[in-house]
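S.K.: The residues making up each chain are set out below.
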Amino acid sequence: MKEGFFRPREYHRPNNLQEATWLLSSFGKKARLIAGGTDLLVDKPSEVECLIDVASLDLDYIRRDGDGITIGAATTLDLIERSQMFSAGPYVVLSEAASNMATPTVRNMATIGGNICNASPAADLPLALMVLDSTVKIYGLGGSRVLPIGVFFEDVNRTALNEDELLVEVHIPPSPASTGASFLKLRRHQTAIDLAVVNVAAKLTCSDNFCEDARIALGAVAKRPIYAEKAKRLLTGKGLDGKLIQEAAEVASQETKSIDDVRASAQYRRRMVAVLVERALKLSVTRCGT
Amino acid sequence: MTKRDISICVNGKWYELAVEPYETLLDVLRDRLGHTGTKSGCAKGECGACTVNIDGKAILSCLTLAVQVDGKEILTIEGLHKGAEPHPLQEAFVKQAAVQCGYCTPGMIMNAKALLNHNSNPSEKEVRKTLSSNLCRCTGYERPVKAILEAATIMRGKDER
Ligand SMILES: Cc1cc2nc3c(=O)[nH]c(=O)nc-3n(C[C@H](O)[C@H](O)[C@H](O)COP(=O)(O)OP(=O)(O)OC[C@H]3O[C@@H](n4cnc5c(N)ncnc54)[C@H](O)[C@@H]3O)c2cc1C
Ligand code: FES
Ligand code: FES
Chain A
1 MKEGFFRPRE
11 YHRPNNLQEA
21 TWLLSSFGKK
31 ARLIAGGTDL
41 LVDKPSEVEC
51 LIDVASLDLD
61 YIRRDGDGIT
71 IGAATTLDLI
81 ERSQMFSAGP
91 YVVLSEAASN
101 MATPTVRNMA
111 TIGGNICNAS
121 PAADLPLALM
131 VLDSTVKIYG
141 LGGSRVLPIG
151 VFFEDVNRTA
161 LNEDELLVEV
171 HIPPSPASTG
181 ASFLKLRRHQ
191 TAIDLAVVNV
201 AAKLTCSDNF
211 CEDARIALGA
221 VAKRPIYAEK
231 AKRLLTGKGL
241 DGKLIQEAAE
251 VASQETKSID
261 DVRASAQYRR
271 RMVAVLVERA
281 LKLSVTRCGT
Chain B
1001 MTKRDISICV
1011 NGKWYELAVE
1021 PYETLLDVLR
1031 DRLGHTGTKS
1041 GCAKGECGAC
1051 TVNIDGKAIL
1061 SCLTLAVQVD
1071 GKEILTIEGL
1081 HKGAEPHPLQ
1091 EAFVKQAAVQ
1101 CGYCTPGMIM
1111 NAKALLNHNS
1121 NPSEKEVRKT
1131 LSSNLCRCTG
1141 YERPVKAILE
1151 AATIMRGKDE
1161 R
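Protein sequence lines correspond, in order, to chains A and B.
Position 179, counted from 1, in the first sequence is what my numbering calls 179; the numbers after and before it change by one each time, with no gaps.
Numbers in my numbering are just positions in the second sequence, counted from 1, shifted up by 1000.
Keep in mind that the hints were calculated from the coordinates and are not lab data.
Certain hints may be false.
Claimed, not checked - Capping the alpha-carbon separation at 25 Å, the derived lysine to aspartate or glutamate pairs in DMTMM-like fashion look like this:
#1 B:K1057 <-> A:D60
#2 B:K1129 <-> A:E81
#3 B:K1044 <-> A:D133
Please read these numbers as outputs of a predicted model, since none were measured by experiment.
Given the sequences, and given the hints that come with them, work out the whole structure.
M.R.: This is the structure we're talking about:
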């Protein structure tokens, strides 16, 4: 066999989480989970010897419970895009992010869990989930654990998952009234298949233009998606006007660790972060219903 | 290598096959079953030439492993016609001259088929959004859009009769 080809020798489709973690732990680094395959089968990593399909784990669901909304890891993006649960309130930020991703056909296949666990710095859904204060539920040999999504991402393509663990679901807590959120993305050619040069999600809770709380998440400007903490602090507890929003957008762009790459220069990215954050904040204000 | 036995239904006919875990549905359709109507454009999810229908949904066969569709029913461009009669989408594509080099056509038609499965009366905007999954460097999309809208009208007429 030639080196460097994608040649897994085994394919498993476990029927429950225990079986899945057992397979993950026994194959270790040579195992890889597969969901929609829209990242994995493009990358085709040659080190993978065993594929573990999440298709029969019953992880495709969107549920509203007393305590917010829960989305199974294997839920495809077309369902998120169309779901009534993300058609109103700050939750629209998630359907906005989903409908701006890839092409409609890719969205029929791509899952929320794959988008999160691939941990691309430019991924779209993580930003929306970050401003919604989501948590992720992880299952492994030691049982379940829950993490805030902000700490789940560690580096380019690296997450907090251990070898025996998989992502089970994402939980979005309820937001206070008069909260608005939005997602914006800049692509190089503005075509459906271009990843973000910069992508931004914002969420504001405000009454009579007084900002009670704020979240800003930035993509494609560091090794992982980040929160703009300084910009958030600048906005919180103040009356919002055009000047303050502009200032916050500038501060946010200074918080990035942009790099030059094939899609854009670092300097251009920083400028565009300021532009996108300003627009996303203004849009979020109009959606607060005040 | 450990081959796996799978059975898949392609255009109404069941096949039993032993496949490697890394074989894509696209390769199996074309190289094993000789269904070369489904095209390979980019093999990485960007062009839509390899689009087929599974459970009535448009799916990229280049990013689907054959082992993942064990037990499933797959519809390709070769399965659309009824006997000697072409599908209304095929007829409309010919009538509207929506085919130039034709490489993107099977993928476009299978994507349009999936759209019409759940939306029998799509707007032009919805058709264009659907076709954003399919790269075409010949037609400029005008005629494919017209053809799909025309086929939708014809198919609605047939349902009412
Ligand atoms: C043409 C094209 C355009 C694209 N455009 C965009 C875009 O605009 N924005 C964007 O963000 N992405 C984009 N993508 C990337 C991709 O579609 C998404 O990241 C998608 O959500 C991945 O989901 P999947 O189910 O296909 O993942 P897979 O490819 O199946 O898996 C991705 C990774 O996640 C792991 N994984 C999957 N499920 C789990 C789980 N439950 N627990 C732990 N690990 C898991 C896998 O092991 C793998 O490492 C694009 C891809 C293509 C082909
Ligand atoms: S060949 Fe599958 S999308 Fe291009
Ligand atoms: S007709 Fe040639 S690519 Fe579409």
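S.K.: All hints are to be evaluated individually against the structure, with a verdict given for each.
M.R.: Hints, verified against the model:
no. : hint               : result
1   : B:K1057 <-> A:D60  : holds, 16 Å
2   : B:K1129 <-> A:E81  : holds, 14 Å
3   : B:K1044 <-> A:D133 : violated, 33 Å
In this structure, the one hint that does not hold is number 3.
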